[in-house]
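Taken in sequence, the protein lines are chains Y, S and F.
Per UniProt numbering, the first sequence starts with residue 1, numbered consecutively.
Per UniProt numbering, the second sequence starts with residue 1, numbered consecutively.
Per UniProt numbering, the third sequence starts with residue 1, numbered consecutively.
Please note: incorrect hints may appear among the correct ones.
The list cannot tell twin chains apart, which means a pair is met if one copy fits it or any two copies do.
[Stated by the list, open to error] With a cut-off of at most 27 Å between alpha-carbon atoms, the simulated BS3-like pairs for lysine-lysine come out as follows:
hint: 1; residue 1: LYS404; residue 2: LYS187
hint: 2; residue 1: LYS275; residue 2: LYS72
hint: 3; residue 1: LYS109; residue 2: LYS72
hint: 4; residue 1: LYS232; residue 2: LYS404
hint: 5; residue 1: LYS275; residue 2: LYS232
hint: 6; residue 1: LYS434; residue 2: LYS187
hint: 7; residue 1: LYS434; residue 2: LYS72
hint: 8; residue 1: LYS404; residue 2: LYS73
hint: 9; residue 1: LYS187; residue 2: LYS275
hint: 10; residue 1: LYS333; residue 2: LYS73
hint: 11; residue 1: LYS191; residue 2: LYS232
hint: 12; residue 1: LYS333; residue 2: LYS232
hint: 13; residue 1: LYS73; residue 2: LYS291
hint: 14; residue 1: LYS291; residue 2: LYS385
Honestly, the hints are just simulated from the structure, not real lab data.
So the chains spell out like this:
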Amino acid sequence: MEKTCMDALPLTMNSSEKQEIVCIFGTGDFGRSLGLKMLQCGYSIVFGSRNPQKNNLLPNGAEVLSYSEAAKKSDIIIIAIHREHYDFLTELTEVLNGKILVDISNNLKINQYPESNAEYLAQLVPGAHVVKAFNTISAWALQSGALDASRQVFVCGNDSNAKQRVMDIVRNLGLTPMDQGSLTAAKEIEKYPLQLFPMWRFPFYLSAVLCIFLFFYCVIRDVIYPYVYEKKDNTFRMAISIPNRVFPITALTLLALVYLPGVIAAILQLYRGTKYRRFPDWLDHWMLCRKQLGLLALGFAFLHVLYTLVIPIRYYVRWRSGNLTVTQAILKKENPFSTSSAWLSDSYVALGILGFFLFVLLGITSLPSVSNAVNWREFRFVQSKLGYLTLILCTAHTLVYGGKRFLSPSNLRWYLPAAYVLGLIIPCTMLVIKFVLIMPCVDNTLTRIRQGWERNSKH
Amino acid sequence: MEKTCMDALPLTMNSSEKQEIVCIFGTGDFGRSLGLKMLQCGYSIVFGSRNPQKNNLLPNGAEVLSYSEAAKKSDIIIIAIHREHYDFLTELTEVLNGKILVDISNNLKINQYPESNAEYLAQLVPGAHVVKAFNTISAWALQSGALDASRQVFVCGNDSNAKQRVMDIVRNLGLTPMDQGSLTAAKEIEKYPLQLFPMWRFPFYLSAVLCIFLFFYCVIRDVIYPYVYEKKDNTFRMAISIPNRVFPITALTLLALVYLPGVIAAILQLYRGTKYRRFPDWLDHWMLCRKQLGLLALGFAFLHVLYTLVIPIRYYVRWRSGNLTVTQAILKKENPFSTSSAWLSDSYVALGILGFFLFVLLGITSLPSVSNAVNWREFRFVQSKLGYLTLILCTAHTLVYGGKRFLSPSNLRWYLPAAYVLGLIIPCTMLVIKFVLIMPCVDNTLTRIRQGWERNSKH
Amino acid sequence: MEKTCMDALPLTMNSSEKQEIVCIFGTGDFGRSLGLKMLQCGYSIVFGSRNPQKNNLLPNGAEVLSYSEAAKKSDIIIIAIHREHYDFLTELTEVLNGKILVDISNNLKINQYPESNAEYLAQLVPGAHVVKAFNTISAWALQSGALDASRQVFVCGNDSNAKQRVMDIVRNLGLTPMDQGSLTAAKEIEKYPLQLFPMWRFPFYLSAVLCIFLFFYCVIRDVIYPYVYEKKDNTFRMAISIPNRVFPITALTLLALVYLPGVIAAILQLYRGTKYRRFPDWLDHWMLCRKQLGLLALGFAFLHVLYTLVIPIRYYVRWRSGNLTVTQAILKKENPFSTSSAWLSDSYVALGILGFFLFVLLGITSLPSVSNAVNWREFRFVQSKLGYLTLILCTAHTLVYGGKRFLSPSNLRWYLPAAYVLGLIIPCTMLVIKFVLIMPCVDNTLTRIRQGWERNSKH
């Protein structure tokens with residue numbers, strides 16, 4: 001009769017052997033946490049330790065024996081020891097023969113050793129069946145029970161029976177095992193918890209490049225040019241004024257780059273006339289980090305909002321408006337109300353506010369729990385339709401901000417236009433192409449291609 | 001011996017037949033994703049395809065055969081084909097006899113066909129047992145592993161053994177099956193992924209009606225009236241000034257409507273003297289969309305905060321305050337400091353900030369992951385007590401904003417009061433009724449009724 | 001053959017007895033919700049009720065019988081009745097003998113009765129096996145399916161076979177059972193849903209103490225002192241000006257207190273020379289509520305941002321700047337532009353914005369769904385490195401805000417420095433100690449101690 005705690009008893013309830021015994025080598029943080037969790041889920045635990053007497057921190061109900069005695073008690077032995085101490089296991093080769101050894105170890109660096117820890121363990125104890133598991137779960141997550149998205153436990157191993165046993169234990173702990181194949185997959189599994197935001201690398205570097213370029217561009221226009229021509233010391237503008245040009249342009253560019261790969265993919269499919277050819281690798285990779293590009297864009301937009309809202313608090317702005325008013329009072333000058341200026345000013349501010357509001361909505365629906373609570377039709381509605389509306393509003397905000405001075409030659413300094421003009425290039429181009437793509441003639445062809453029609457198909 | 005991967009092996013580990021074979025008809029996006037996921041969870045997969053040779057995109061380890069050969073290999077056949085192509089299955093009726101067919105299809109529109117896809121399949125292949133499942137899971141969710149809240153897989157079918165087999169597969173993939181009954185439930189299940197925010201319809205339409213009405217009300221008061229009487233062109237106020245009256249009033253009204261059904265329900269229970277009579281349908285439906293009403297209110301409040309914080313940046317405001325200062329300087333007029341104006345101004349701003357802060361807290365606790373991390377006593381504390389505090393602060397904010405001009409007749413234009421007075425009607429009425437309801441005499445009776453006491457009970 | 005719905009059928013599918021029958025005593029809200037959920041997961045349900053005829057609200061497919069008849073139909077009986085009515089169960093002692101009784105009850109107050117409800121039930125029906133379960137799940141969560149983080153169901157009982165049966169039911173409903181031991185654990189389990197944010201108590205009281213102290217400190221300096229010496233009525237400053245000093249100082253202090261226990265722990269480990277001695281209890285408890293301290297700090301920082309952004313809207317600020325400008329115009333006084341003031345003003349504002357931005361990032365990664373989507377290396381990077389960067393930026397923001405007046409004696413009123421000077425004490429001290437701790441000599445020793453080296457070790 002099976003021994004897992006998954007089985008219901010027959011009506012007569014006379015099963016005596018209910019609990020499977022699992023052995024854990026090692027009494028460190030992770031070994032103790034895993035043992036306590038398995039006790040709570042109905043297993044019997046036997047610890048193997050160098051010092052069977054010193055066991056004050058172990059959970060109640062677990063035995064502590066020497067390694068060889070503990071190994072005899074169970075089929076499955078979880079090796080909760082650092083790789084550097086694996087060599088002592090060679091002394092236990094006869095005891096471990098035919099057992100299942102579960103390698104849960106992690107290294108400190110990617111590629112710290114030529115072979116993965118699991119393969120090294122398999123070399124040391126060739127008679128045992130080594131299965132890699134549990135290395136993506138932290139001891140803290142096991143203790144606190146916060147196991148929601150780290151519910152996936154990657155499992156790999158050469159022997160499929162051994163893998164099944166370990167996958168059953170994983171399920172009994174309330175986690176979801178993911179079979180990654182043979183033991184050669186262990187290298188990839190061991191790399192997983194050492195990664196630091198891999199999908200964010202490209203968007204982050206791209207943002208840094210954009211920011212640095214735009215910063216120097218603005219410094220040339222706003223600090224160096226006035227110094228050369230008017231001997232004005234505008235260096236203080238590098239604290240708020242110049243970042244408040246760099247951040248919004250970066251945000252708008254990144255937001256346009258979120259939707260650009262979709263447009264490029266549509267053009268590719270129209271050009272090739274089929275949906276069955278793979279996209280180029282760079283386009284695939286770009287499509288995979290669209291969410292990160294969008295969230296970075298939201299971060300820059302949020303900074304832009306904060307930098308804009310503090311404008312009236314700044315000493316420079318208060319001094320300038322005070323000076324203007326004093327001059328106007330002393331000269332008794334008239335300052336008639338310009339309705340067009342009021343419309344322009346209120347319009348671009350209102351467009352910016354509405355664009356930022358929708359942008360925050362997009363960000364909120366990117367949160368894992370919210371994006372999981374909506375079905376995929378709702379998700380596509382928000383991310384695609386509301387996303388394009390956000391892009392349109394933010395582009396309109398920038399265009400109206402330019403106002404009447406938009407393309408006037410008097411605004412060029414050393415033939416360089418204002419920075420926001422640069423920021424408008426990608427979004428405007430993209431919106432024009434997208435507008436062409438939603439024309440009925442083009443859209444019909446694209447829909448047919450996406451439903452399987454091929455221009456050059458032979459079937 | 002059972003063949004699922006849920007079983008632990010006996011100590012001797014000599015079970016050879018471990019993996020259940022499942023057949024998938026169709027090699028499109030979803031068929032491939034589902035096949036790969038099932039391979040990772042320990043199943044053997046056999047694909048049935050029109051072109052058994054063209055199989056370059058299929059996951060490793062899966063066989064590809066013709067439909068009839070693939071169908072012979074397994075008990076369970078997942079039909080990953082569009083409904084429009086179901087008719088070829090009639091040729092395979094003898095092979096499919098007695099098998100379990102899993103219908104995973106979705107349509108493009110609600111009620112696109114008179115009967116559900118699952119019932120149509122059951123008509124085509126009457127000898128098979130049709131089970132509806134998996135149609136709420138997207139291929140992307142299967143691949144990326146982001147399966148948290150789409151963990152629920154709705155299952156329905158006429159044969160309970162076939163349903164159990166499919167529910168076991170669902171559990172082995174780490175999902176939770178929900179038995180919805182017989183195959184007649186398939187129509188409802190197929191409607192589920194086509195819905196677009198069904199609970200948000202009523203709150204959204206209500207907000208739109210409120211906004212449009214208040215917009216025209218404010219236009220009459222703030223644009224048309226000054227034009228008729230003073231020939232002033234105030235049209236630019238439609239960009240920011242008027243939205244900044246429409247949004248806060250809509251927010252306050254929607255927030256009051258979140259708590260009003262609870263008050264109405266309490267009055268109904270007091271009036272009827274029992275808790276065992278059902279509420280009217282409109283009250284039930286209103287209670288179900290309270291969360292959506294509250295989140296919409298938070299959205300409008302956030303817009304109001306942004307529109308308010310940009311006030312000093314607007315050209316109109318800068319021109320007006322500059323003009324005021326210049327006039328005062330030229331006329332050498334005294335402008336003594338009014339402590340009561342300072343108190344009023346600072347008070348209503350502070351009340352607004354505190355109300356908005358609590359409102360944001362309410363919104364954060366509405367996020368799925370946060371609301372699941374608190375127990376229901378904590379959730380009720382935040383949503384009920386802090387919610388009423390938010391309503392009180394926001395109502396006080398509006399009352400103090402009115403200040404001394406609140407009900408003065410000089411503020412009526414064409415006998416229409418200022419818009420914020422309209423917005424105060426529902427919240428103030430509600431708070432008064434709630435205050436009456438928490439009086440000890442009334443509250444005691446209500447608590448007894450809610451614990452089961454009936455005024456006219458015969459027992 | 002087992003009867004749970006977890007089993008896959010053999011290939012021949014001739015198992016007839018598929019569904020386990022469970023009995024539920026009581027037809028209140030929770031009994032009905034639990035019964036419906038269990039029906040959906042494949043169980044047969046039999047209700048026991050006082051009034052077997054009045055069953056209009058029960059789910060379809062469930063039988064309703066009298067208590068004694070219902071009890072005979074099943075092994076497992078869920079007691080969905082309030083503790084106050086348990087005494088009638090003594091009449092059914094013979095029928096209930098040997099059955100599994102599942103106690104799901106909750107009380108209204110912690111320690112409302114001397115013994116737990118489960119132990120009381122065990123005293124009333126000594127022949128049955130009492131298991132405590134399900135009391136942390138609400139009826140609403142069962143109905144709506146929102147079962148993500150309340151997935152954990154605490155289970156305890158004296159008989160391990162009975163516990164296993166109940167744990168199987170829990171798993172079949174898609175929840176995760178957590179075995180808490182024998183029935184004596186029931187008291188703790190029954191306390192769990194009555195708690196109201198237990199980890200937030202200490203941080204909340206600490207914040208309240210800080211706020212009240214700082215409020216009175218600022219009132220003395222900013223309201224009483226000017227009244228005593230200049231007869232100025234500054235009471236209106238209590239609405240916005242004084243809170244805008246109290247909140248940021250509280251935020252900065254709480255943020256420093258988030259990282260201080262880590263620094264103290266490091267000093268302790270260096271002093272003792274080992275990592276194997278337990279920390280004092282107050283340090284352990286402090287470490288456990290670091291997340292709550294940080295989130296409270298973020299809340300106060302958010303309030304500070306809002307109070308700062310409304311500065312230009314306040315009547316007092318507008319009156320003061322208008323007065324200044326008018327005086328300057330009338331006296332025709334020069335007001336030269338001070339570049340150093342512009343740098344100082346822009347710098348501290350920019351530092352504050354960047355610090356707040358990172359603070360919001362920290363808060364977002366504290367959301368349960370986001371913190372579960374990152375691995376522990378990424379989580380530590382954000383919370384530790386970005387956290388210290390946030391602390392440095394906010395401390396620099398406060399230091400630059402002080403500017404040239406920072407420690408000048410002329411800013412002392414009654415020998416009391418400005419409030420922000422008080423707020424700088426803890427952060428600056430902490431950053432200095434942390435700077436010492438990351439010096440290579442000290443850091444190497446600490447790393448060795450944390451990897452297991454002991455200064456006084458005998459091995």
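Now for the hints, and whether the structure bears them out:
1. LYS404 <-> LYS187: Neither: 60 Å inside a chain and 57 Å across chains, both beyond 27 Å.
2. LYS275 <-> LYS72: Result: close neither inside a copy nor across copies, 58 Å intra and 32 Å inter.
3. LYS109 <-> LYS72: For LYS109 and LYS72, neither the intra-copy (34 Å) nor the inter-copy (49 Å) Cα distance is at most 27 Å.
4. LYS232 <-> LYS404: So LYS232 and LYS404 pass the 27 Å test inside a copy (26 Å) and across (24 Å) alike.
5. LYS275 <-> LYS232: neither (59 Å within a copy, 60 Å between copies)
6. LYS434 <-> LYS187: The answer is neither: 43 Å in one copy and 36 Å across copies each exceed 27 Å.
7. LYS434 <-> LYS72: For LYS434 and LYS72, the Cα distance exceeds 27 Å both inside one copy (68 Å) and across copies (48 Å).
8. LYS404 <-> LYS73: neither (84 Å within a copy, 73 Å between copies)
9. LYS187 <-> LYS275: Classified as neither; 34 Å inside a copy, 31 Å across copies.
10. LYS333 <-> LYS73: neither (98 Å within a copy, 93 Å between copies)
11. LYS191 <-> LYS232: Close neither inside one copy (54 Å) nor across copies (67 Å); limit 27 Å.
12. LYS333 <-> LYS232: both (26 Å within a copy, 22 Å between copies)
13. LYS73 <-> LYS291: Neither way: LYS73 and LYS291 sit 50 Å apart in one copy and 42 Å across, limit 27 Å.
14. LYS291 <-> LYS385: both (15 Å within a copy, 24 Å between copies)
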